[in-house]
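A.B. asks: What follows is each chain in one-letter form.
Number of protein chains: 4
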Amino acid sequence: MSATSERIVLAYSGGLDTSVAIGWIAEATGAEVIAVAVDVGQGGEDLDTIRKRAMACGAVEAYVADARDEFADEYCLPALKANALYMDRYPLVSALSRPVIVKHLVEAARLHGATTVGHGCTGKGNDQVRFEVGITALAPDLKCIAPVRDLALTRDKAIEYAEKHELPIETTKTNPFSIDQNVWGRAVETGFLEDIWNPPTEAVYSYTANPATPRDPDEVVITFDAGRPVAIDGETVTMLQAIELLNQRAGAQGVGRLDMVEDRLVGIKSREVYEAPGALALITAHQELENVTVERELARFKRTVDQRWGELVYDGQWSSPLKKALDGFIDEANAHVSGEVRMTLHGGRAVVTGRRSEQSLYDFGLATYDTGDTFDQSHAKGFIELFGMSTKLAAVRDQKHA
Amino acid sequence: MSATSERIVLAYSGGLDTSVAIGWIAEATGAEVIAVAVDVGQGGEDLDTIRKRAMACGAVEAYVADARDEFADEYCLPALKANALYMDRYPLVSALSRPVIVKHLVEAARLHGATTVGHGCTGKGNDQVRFEVGITALAPDLKCIAPVRDLALTRDKAIEYAEKHELPIETTKTNPFSIDQNVWGRAVETGFLEDIWNPPTEAVYSYTANPATPRDPDEVVITFDAGRPVAIDGETVTMLQAIELLNQRAGAQGVGRLDMVEDRLVGIKSREVYEAPGALALITAHQELENVTVERELARFKRTVDQRWGELVYDGQWSSPLKKALDGFIDEANAHVSGEVRMTLHGGRAVVTGRRSEQSLYDFGLATYDTGDTFDQSHAKGFIELFGMSTKLAAVRDQKHA
Amino acid sequence: MSATSERIVLAYSGGLDTSVAIGWIAEATGAEVIAVAVDVGQGGEDLDTIRKRAMACGAVEAYVADARDEFADEYCLPALKANALYMDRYPLVSALSRPVIVKHLVEAARLHGATTVGHGCTGKGNDQVRFEVGITALAPDLKCIAPVRDLALTRDKAIEYAEKHELPIETTKTNPFSIDQNVWGRAVETGFLEDIWNPPTEAVYSYTANPATPRDPDEVVITFDAGRPVAIDGETVTMLQAIELLNQRAGAQGVGRLDMVEDRLVGIKSREVYEAPGALALITAHQELENVTVERELARFKRTVDQRWGELVYDGQWSSPLKKALDGFIDEANAHVSGEVRMTLHGGRAVVTGRRSEQSLYDFGLATYDTGDTFDQSHAKGFIELFGMSTKLAAVRDQKHA
Amino acid sequence: MSATSERIVLAYSGGLDTSVAIGWIAEATGAEVIAVAVDVGQGGEDLDTIRKRAMACGAVEAYVADARDEFADEYCLPALKANALYMDRYPLVSALSRPVIVKHLVEAARLHGATTVGHGCTGKGNDQVRFEVGITALAPDLKCIAPVRDLALTRDKAIEYAEKHELPIETTKTNPFSIDQNVWGRAVETGFLEDIWNPPTEAVYSYTANPATPRDPDEVVITFDAGRPVAIDGETVTMLQAIELLNQRAGAQGVGRLDMVEDRLVGIKSREVYEAPGALALITAHQELENVTVERELARFKRTVDQRWGELVYDGQWSSPLKKALDGFIDEANAHVSGEVRMTLHGGRAVVTGRRSEQSLYDFGLATYDTGDTFDQSHAKGFIELFGMSTKLAAVRDQKHA
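Protein chains in written order, with our numbering: chain A, 1 to 402; chain B, 1 to 402; chain C, 1 to 402; chain D, 1 to 402.
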């Protein structure tokens, strides 16, 4: 590596676009390009293969960072505690991975004295914002570059460049979709899905089996401690293992498919298909354990906090001061979310069938209508009278002035 | 009917408790009891049979009001526009029916000069609040009486009374659950469900077939106009018909079962099982049509409004000033929620597979990554810079003071 | 006016920047410039003088629109109903005037077949957003141009241009501040105020007398009907007259000065000084009348709605779908805000000293501790028991698991 | 003290009602009464005098707890961090003191093996709820008794009892108001204030001088560290000292008077007059320092959190799980609220005139319109385009379907 050239750290996926981007950026800027691939559980090619390809494509350095446990513990777990579902649906698959990738890009930039970070996003999606606002929050001095958006690196030009330079990357396979995946889920868009009347086909899916295929149900018991899944069917698991195991078991039952029209931060609507079997099974279980262990008014306000958390992370504000303060609320709210949830995974559904907890606020004595009832019904009359007082006064007034 | 006796209007279901309550109230208070049964699509016995039973049990008058269309149009439809799901789950089945029943009770009270309204609720549930705050809001001068809560009418005493007075009502059948149902859904509680680790059995369900039974999927297209379902598979329907038809079709596919621990207004948690096939199919379709036709910031704020609407209605505040003002917001937000949603009903799932609308905000030209892309990516850089500015400034500050 | 040239409608103030902009835009674009001045009660120069100056500076047409009543009725009144105070302080003086100016600019553009609208804002403030998003919402086909931002029209160049072309506009007077004013208030920024430790001097203020000057207090009674001020001291007033009269009377007492650091939409903080004597007197009175006439839960939720309304209008989203739906809520909430409020204006304070209303929800009988008390205290015990139940259950649990 | 009698801890103020209550409770229940007075800075009589009076009135034990610093540090400071103003006005004077009094009552009950806690509240106010829900949250096994509400201890009976038993307490002075005071402020209600058209007279006030009296202004500089006032005019202060000093200085300038109609938790509206010179001066300064040091989106969301915090504390939910989780958010949001605020106290107004902070997010370079401007205005065009996109798309749609 030259001591005098400017250096650019590039978020590298191993695919066509970022493989070409190595040389494209170098030619356009004169800088040395350092390729950084971050393993967030996306599977696919061997990471050493990816590393070698980056070097073959002209990178002066190439790294692969194994961020799987870090991603699960520090990004997916907070999302689980927040029951994070953007627009009540989407578990923030890509939105969650960007900040951890950003963290490793910035670390690499610092290590190598780079002044700029590059990424492969287009100029009309959310990910460019997540990358660039994320980078600016961790390293306000670093610049950003997006060759697809800023250096006119279209798909056609990328194929042409790869063929001309004989890069070790396939250029003929035309992928019908744009895909992003990690251990928390998988996102599919573009292609025929851009006609929002078209249904997805089975070919769209990879993490989940067809829910309509007849098969036997699978029953699972998830143990939580302060909002964190710590055991599955009694076996201790890390957060990463919990997700992976439930990706397999819930995925095998077709759980976790989503098809929605979504509000992007850049102001347009897009059609997205997601698969997130583990994430959705965990969130469903976590929500029900909250129902059992979280006091009513806390639970009601937490829905507003959870929604805002999801919007912020979707909008690329992982490192924002508001996100940090919401985490303070959410952690406190999860302090007692401990216990077990039993679910049946079957036919595309993850259904809670039982819950038990030392921290339960469900009081059998107060709830039962059978022997053992401890609820003093004589309190109700006074409660109703005062609880309804302000509505009653307004009603009297309104009828007088109708 | 005597001209001098005080009169009490009783919400009458035809069941043991309210049949006995007719005489029980009359004996305890010396008042004449007028029985009023309101048809909200609960099915079951013929309503004329119920009317005759009330007379046989000692009512001085007995009415049956057909409120099914009124319930669908004026109670279920606003709930659909609000995507009303208490605790993100429960479509407010019982909570919605109480206000329309209350309305008919008050009308009957006015017609017959009654001074008091009676109902069969216990002193530890939500329904007593919904009845009594509802009545006070429509008729602040009316008093309320709940024989189970206020006149010590236990189940054992009811059976004893019915047998002693040879009332025309079965007393031997011990119902294992407490059930409330109407066209919007069905609620089941108590019995072995009070142990929250116990799964529900198939015997609990009545509106839905077992989702695990293999069968062919059913595809349905629902047409909405300003948030209201107006056609199903191209056939014009009333709101009531839309719910009934989808209760059948979605119910036959096992759609709409819920099992949850719920926060009651009186401060305790209870375990509830619900079935609401039509309601949940309609809400799912409506939500997705909102995704297509409602602008992002309106959609984001509407989630908070919808949540508060659901809490209020759950809490018996149907007639409250806040509920009325939220309706003002919700109606405005639904002005453009028109178009078609195609769903597959199968295996307990109602899955949207397509949507189209003249009012769509999805813009193919802006969304597509293919030929025809009209999105000007050059705007992105400036957007990201200013959108991320406040987070960046905070990051610079925080790092300086870390 | 030529039939073939492109036409640009320019928001014209009569000041140096927009006077120069007429020729500057024409030279840079080859278009004909139509100057439009909108009277929103800013006072200052005679409007016919301003119109003639525009023509003398090279406009092909020049209009003055008297939008004072329209501004008061359709922009200030909704703000009053929303108690609109951005950051709990700022009554949205400039933010409210932009949409009505935009409306007249778009009307002029349509009338004259213009394709572009120009304005005098810089590239770092909120007003550029309010103009351009406002225009795009009313006329998505119109383009926008801002010569200061887009055509490098700096202050120095403007002076040079004016002198060179002998424009009939003073160039020597260096204004120490940047000022925007209308009938709803007056905004002052820049100059020595940019050091946020510096206090404002008396020279900053124009709408308000020094509150510290000893003088006699002024007592005023404002009558509202459904949130709208309809009389002052018993004399019927229009909305415009109400504001003007209170600008005089409250301004004479030094009421309505604000000095704050503010969060701009473009991501930076700025220091602003405002004067809004009429606006703040009206909002203070309106808030207190809401306290008397609006039911508690509606009042609580309305604070969230009011806050979001203020943020949206500040952020240039006057024509957004969310703003419209919030108006639906706010109008409904104001239906009963009728009655009289008595205030003392003195020493910089507008203090409510009395309120009365046919629509009052204040019930003397329920509130009094003297003879005539109608509140049945026996209800309290049951109310407290059930109201506190969920907190009690959580406390028992927490102590067990501490 | 007898080993066998039941014991009741009574919240003792030294006034007529609670002095009589000692004997009244003892006679009605046969229990021994332990009087506990808690010093929260209410001033007035010497506390040893109060202690002796309790013994003279028949208490078996009497304590005085100095809770002034504890009240300031653990109750007033969190309120300051939350800018707690119920209904945007009332700084929660009485609402804040109840939890600390409750804490000492529960400690005394534990120490002496009492089974019940008594208080002097009526059955129509907020304080009974704050006492009883507060006690149940700290000690769910303790019972509560309120002699005024539960044992028919009216004012007339109290006077009669005191005279008959020759209690050492004045009975002739008829106080025209009901008053509650502590270091955070003073609350006045009832009497002629119950007619909400009546203005308060100067006789109502005690903590504040008449703001209309001409006097010289007082300038003060308050230093905050993470939301906590740590110095005044450069002199280090405790939280208690900060409040006391500002009560004097702001009170001497007539700052901090409030007159409002308020929504009580029990469903009625009441008229309240408050004085809180120190509290309001501190909150005003704290809010402005937040304006300087808190990022925009955090500041916007914090308003909702602050409002809910105020409602909860007003409603007696100090010990609720939601309050605790909101504190998690608020503490995090205050982490950078450090710096100095200069205020002028004069004529009933506390006006911020300057602010400076190492943690400031105000960036002179970005804000200035003078030399040194570092803001890149070229970003604005792209920002506006994408920020306004969703509104524009909705506008196009709406115009097509108008």
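Certain hints may be false.
Copies of one chain are not kept apart here, so a pair can be met inside one copy or by any two copies together.
Stated by the list, open to error - Derived DSBU-like pairs (lysine-lysine); straight-line CA-CA distance at most 35 Å:
| id | residue 1 | residue 2 |
| --- | --- | --- |
| 1 | K157 | K324 |
| 2 | K157 | K400 |
| 3 | K400 | K52 |
| 4 | K381 | K157 |
| 5 | K381 | K164 |
| 6 | K143 | K324 |
| 7 | K143 | K400 |
| 8 | K52 | K324 |
| 9 | K400 | K164 |
| 10 | K324 | K164 |
| 11 | K164 | K52 |
| 12 | K52 | K157 |
Derived by calculation from the structure, the hints in this document are not laboratory data. Here the structure is a predicted model, which means the values were calculated and not measured.
A.B. asks: Give a verdict on every hint.
C.D. replies: Cross-check of the supplied hints:
1. Taking identical chains as interchangeable, the C-alpha atoms of K157 and K324 are never at most 35 Å apart, the minima being 41 Å within one chain and 46 Å between chains.
2. Taking the shortest Cα distances, K157 and K400 never come within 35 Å of each other, neither inside one copy (75 Å) nor across copies (39 Å).
3. With identical chains, the CA atoms of K400 and K52 are never at most 35 Å apart, being 82 Å at best within one copy and 38 Å at best between copies.
4. With identical chains, the CA atoms of K381 and K157 are at most 35 Å apart between copies only, with a shortest distance of 22 Å across copies and 76 Å within one.
5. For the identical chains of this complex, K381 and K164 are inter-copy neighbours only, at 30 Å across copies versus 84 Å inside a copy, given an alpha-carbon limit of 35 Å.
6. Taking CA atoms no more than 35 Å apart as the test, K143 paired with K324 passes inside one copy only; the shortest distance there is 24 Å, against 40 Å between copies.
7. In this assembly of identical chains, K143 and K400 lie within 35 Å of each other by CA distance solely across copies; the values are 19 Å between and 66 Å within a copy.
8. Neither within a single protomer nor between protomers do K52 and K324 lie at most 35 Å apart by alpha-carbon distance, with minima of 38 Å and 52 Å respectively.
9. For the homomeric pair K400 and K164, neither the shortest alpha-carbon distance inside one copy (84 Å) nor that between copies (48 Å) is at most 35 Å.
10. Taking the closest pair of Cα atoms, K324 and K164 never come within 35 Å of each other, the shortest separation being 48 Å inside a single copy and 56 Å across copies.
11. For a Cα distance limit of 35 Å, the shortest separation of K164 from K52 inside one copy, 20 Å, qualifies, whereas the shortest one across copies, 66 Å, does not.
12. When the C-alpha separation of K52 and K157 is checked against a cutoff of 35 Å, the pair qualifies only within one copy, where the shortest distance is 23 Å, while the shortest distance between copies is 57 Å.
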